[in-house]
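Given these sequences and hints, build the entire structure.
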Amino acid sequence: MSEVYQLRCRECGKLWGNAPKSFCEECFSPLEVAYDYDALKKIARKENVTSRTFNMWRYSELLPVPESFAAPNSVGGTPLVSARHLAKKLGVQNLYVKNDAVCFPSLSFKDRVVATALAAARRFGFQTVGCSSTGNLANAVAAQSAQQGFDACVFIPADLEPAKILNTAVYGARIIRINGNYDHVNRLCAQIADRFQWGLVNVNLRPYYAEGSKTHGYEIAEQLGWELPDNVVVPMAGGSLITKIAKAFRELVLLGWVREKPVKFFGAQATGCSPISDGVKRNLARFEPQKPQTIARSLAIGNPADGSYAMKEIRGSGGWAEDISDPEIVEAIQLLAETEGIFGETAAGVTVGVTKKLIEAGRVGANETTVVCVTGNGLKTTDAIATEYPLTEAIAPRLEAFEALLDSQLAATSAKA
Amino acid sequence: MAITIEIPTAFRKFTDGTPKYSCSATTVAEALNVLTSQFPSLGKHVRDDQGQIRQFLNVYLNEEDIRFLGGESCEVKDGDRVLLVPSIAGGAN
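First to last, the protein sequences are chains W and E.
When you line the first sequence up against our numbering, it's residues 1 to 417, in that order.
When you line the second sequence up against our numbering, it's residues 1 to 93, in that order.
Note that these hints are calculated values from the structure, not bench results.
C-beta: ideal position from N, C-alpha, C; glycine also.
Some clues are possibly wrong.
Looking from chain E toward chain W, a few residues come up when the C-beta cut is under 10 Å (computed) [as the list claims (entries may be wrong)]:
no., residue
1, Met1
2, Pro8
3, Lys20
4, Cys23
5, Asn33
6, Val34
7, Pro40
8, His45
9, Asp49
10, Arg54
11, Phe56
12, Asn58
13, Glu75
14, Lys77
Pairs of lysine-lysine residues, derived as BS3-like cross-links and limited to a Cα-Cα distance of at most 25 Å, are as follows [unchecked claim]:
no., chain 1, residue 1, chain 2, residue 2
15, W, Lys261, W, Lys41
16, W, Lys21, E, Lys77
17, W, Lys46, W, Lys89
18, W, Lys264, W, Lys291
19, W, Lys14, W, Lys357
20, E, Lys13, W, Lys88
21, E, Lys13, W, Lys14
22, E, Lys20, E, Lys44
23, E, Lys77, W, Lys291
24, W, Lys312, W, Lys281
25, E, Lys20, W, Lys14
26, W, Lys291, E, Lys44
Take a look, some chain W residues computed to stay more than 12 Å from chain E by CB distance [as the list claims (entries may be wrong)]:
no., residue
27, Asp38
28, Phe54
29, Lys281
30, Pro289
31, Ala415
Here it is, written out as structure tokens:
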């Protein structure tokens, strides 16, 4: 091949070159981006990567972008936080939070996938781009389209959180609200991609889009000093991210940039939408789709497109999948905020809460290195926890009033004690 | 029962370009069987070697995924629409 990457059928292996398509026209199975790793070994250099600015484009040789590609923005490069206080609370030693709640520009890991998808959209000559979205993806498509001059049209379930709708509208994107859940929206988008010549980032550009997730994994390894962790806990909606972090780690081993070691992959879902964790826990050959009912709307995909691959990755790694209830999600959001000063969205609550459950069950060891992937920002899902924080009593702007308030609060505390 | 099966573009090379196929059937399974008898080369793309609907093909009866309706044995009524939509997955290496 003239380029080091092209589309390949995940099931029958047929090669398709590079084109805006997501499934094999021979056997209708999903396509992925496959690389010529022998060629990559010659052109990709660790020292080149480390000499560049710390954002996702420093790994551009490992991404499906043209050789002449100029980074249009500064997506990624998020902190890997050594979460000492959270670790202590959970009774483990080496816990890290990969914090994509502060990913540029729209505060979720979806900025990474949109970055590679729009590079593909540019290459294939699309002017209009779009997506089906539970919110974060719509934010990312709208923001980066505005910056790069694409027309954006996003499709969302009608009942999405107002903040996520606003965070898309502000960039001037056209928003189409659909009466239905994400799975209805996704099905409609598959039909739209079939009919219109649009670049739908998670439909006909999906193989390119999904590759952007690998940078979350590359960064984890690099920030651990070019070492792989023992465990990774990943939130699962469509199930793609967990498979792409695994792919990223395999590629780094293949390139000789990290030492090979077993990494266990753990998937996290909300019990109200847990087709993948249910499939893993019941050892099903195929997951059973569900009707989502959870506050973790960014994970509310009842028919996850990559669910079967996520299950395979988890099983193959010796990991596990777990799910937690909505009240547990709220508690975990608070736990992360109060211990590490990180305000994650509901999906972050899912991941932290599941991590707690995995530690309690002994599936994640106390002395192992564990990375918890936080993929979105709590400022977008304040509705989910607003009732936990009723307004406190207001006082007069006088010192006596403050002293009286302190006294009454002290009295209340000692009464409780 | 007279129903219509909507066929995505990628499948139409097996259906002589037909985008919609009308037939008579009492269940979704029967409708799919009528379709694949009419267009035999489509058959292996709809069902796997075990005769199950392929993992990456989603089948809808009107607005609903047939997996929520008890699977392909679900009954159809006059005027129903059956949609075939390839599942969109990214895959991993």
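Structure-based check of each hint:
1. Met1: 23 Å, violated
2. Pro8: 5 Å, holds
3. Lys20: Interface hint status for E:Lys20: violated (13 Å vs cutoff 10 Å).
4. Cys23: This interface hint is violated because 21 Å lies over the 10 Å limit.
5. Asn33: Constraint on E:Asn33 not satisfied, violated at 18 Å.
6. Val34: Constraint on E:Val34 not satisfied, violated at 20 Å.
7. Pro40: With a minimum Cβ separation of about 16 Å from chain W (threshold 10 Å), the hint on E:Pro40 is violated.
8. His45: It holds, given that the least Cβ distance between E:His45 and chain W is near 5 Å, below 10 Å.
9. Asp49: E:Asp49 check fails; min Cβ-Cβ to chain W is 12 Å, beyond 10 Å.
10. Arg54: 7 Å, holds
11. Phe56: With Cβ-Cβ at 5 Å, under 10 Å, it holds.
12. Asn58: At 7 Å from the nearest chain W Cβ, E:Asn58 passes the 10 Å test, so the hint holds.
13. Glu75: Hint violated; E:Glu75 Cβ to chain W Cβ min 20 Å, cut 10 Å.
14. Lys77: Where the cut-off is 10 Å and the nearest Cβ of chain W is about 21 Å from E:Lys77, the hint is violated.
15. W:Lys261 - W:Lys41: Cα-Cα ~20 Å, so holds.
16. W:Lys21 - E:Lys77: Roughly 34 Å separates the two Cα atoms, so the pair is violated.
17. W:Lys46 - W:Lys89: The given pair, whose Cα atoms are some 36 Å apart, is violated under the 25 Å limit.
18. W:Lys264 - W:Lys291: Cα-Cα ~29 Å, so violated.
19. W:Lys14 - W:Lys357: Violated: W:Lys14 and W:Lys357 sit about 41 Å apart, past 25 Å.
20. E:Lys13 - W:Lys88: 60 Å, violated
21. E:Lys13 - W:Lys14: 18 Å, holds
22. E:Lys20 - E:Lys44: 19 Å, holds
23. E:Lys77 - W:Lys291: 24 Å, holds
24. W:Lys312 - W:Lys281: This hinted pair holds, its Cα atoms lying about 12 Å apart.
25. E:Lys20 - W:Lys14: Judged against 25 Å, a Cα distance of about 28 Å means the pair is violated.
26. W:Lys291 - E:Lys44: Violated: W:Lys291 and E:Lys44 sit about 29 Å apart, past 25 Å.
27. Asp38: At roughly 15 Å from the nearest Cβ of chain E, W:Asp38 sits farther out than 12 Å, so the non-interface label holds.
28. Phe54: Given a closest Cβ separation of 25 Å, the condition holds.
29. Lys281: It holds; W:Lys281 is separated from chain E by about 19 Å at its closest Cβ, greater than 12 Å.
30. Pro289: Non-interface label on W:Pro289 violated, nearest chain E Cβ at 5 Å vs cutoff 12 Å.
31. Ala415: 52 Å, holds
The structure shown violates the earlier hints numbered 1, 3, 4, 5, 6, 7, 9, 13, 14, 16, 17, 18, 19, 20, 25, 26, 30.
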